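J.: For the sequence shown, my numbering assigns the number 1 to the initial residue and increments by one for each residue that follows.
Worth flagging that the hints you see were computed from the coordinates, not collected in a lab. Do not rely on the hints blindly, as some may be mistaken.
Cross-link-like lysine to any residue pairs, in silico, SDA-like; alpha carbons within 20 angstroms at most [said to hold, decoys possible]: (1) Lys74 x Pro58; (2) Lys39 x Glu101; (3) Lys53 x Ala117.
Computed spacing ranges between beta-carbons, pair by pair [to be verified]: (4) Gln130 x Glu71: 32 to 42 angstroms; (5) Gly111 x Thr60: 14 to 24 angstroms; (6) Leu59 x Ala105: 15 to 25 angstroms.
Model, not experiment: these values are computed from the prediction. Glycine residues also receive a C-beta, built at the ideal position from the N, C-alpha and C atoms.
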Amino acid sequence: MTAPMRKLIIAPSSMPDITNNNPNPEPAEQAPDQAWLYKRTNEAIASDPELVKLRLKPLTRFNTDVTGRAEFIKIYYGIGCECSTAAVLSVEASADKTRGEFQEALPALLGKLKLQAVGFRRMDCDSHLQMRIQMLGTAR
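Could you put together the complete structure from these sequences and hints?
T.: In structure tokens, the structure reads:
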């Protein structure tokens, strides 16, 4: 009598992808989504004392993409002044970029965000008032 054959079980994760579809790309190769962009950007802001001083607020519920077919993934931050003027700042990443590519571009994106925020902070309250008056005139 022969010994029974043992079943060889191979985990799918250890099998090579012969289709070249790459269903489970490495994290750096995955496309970023808005939540991931906010997480990485918020971490970078928290580690930059100059950006921390600007008191930017992530506006995670703010979304201008109503079509669902955006070529860019935008993230938004709010900034305010003691005169009650507030502004929305944004940075964007191309939707066809990978997480790794976004990480490489993050310093430049933070630089743009910092320029916007510093520009707003340097304006005096009279300039903020003029901005608000102009916005009211175009809102009609």
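J.: None of the hints should be skipped; say for each whether it holds.
T.: The hints, checked one at a time:
{"no.": "1", "hint": "Lys74 x Pro58", "result": "holds (12 angstroms)"}
{"no.": "2", "hint": "Lys39 x Glu101", "result": "holds (15 angstroms)"}
{"no.": "3", "hint": "Lys53 x Ala117", "result": "holds (10 angstroms)"}
{"no.": "4", "hint": "Gln130 x Glu71: 32 to 42 angstroms", "result": "holds (33 angstroms)"}
{"no.": "5", "hint": "Gly111 x Thr60: 14 to 24 angstroms", "result": "holds (22 angstroms)"}
{"no.": "6", "hint": "Leu59 x Ala105: 15 to 25 angstroms", "result": "holds (21 angstroms)"}
Going down the numbered hints, you'll see the structure goes against none, and every one checks out.
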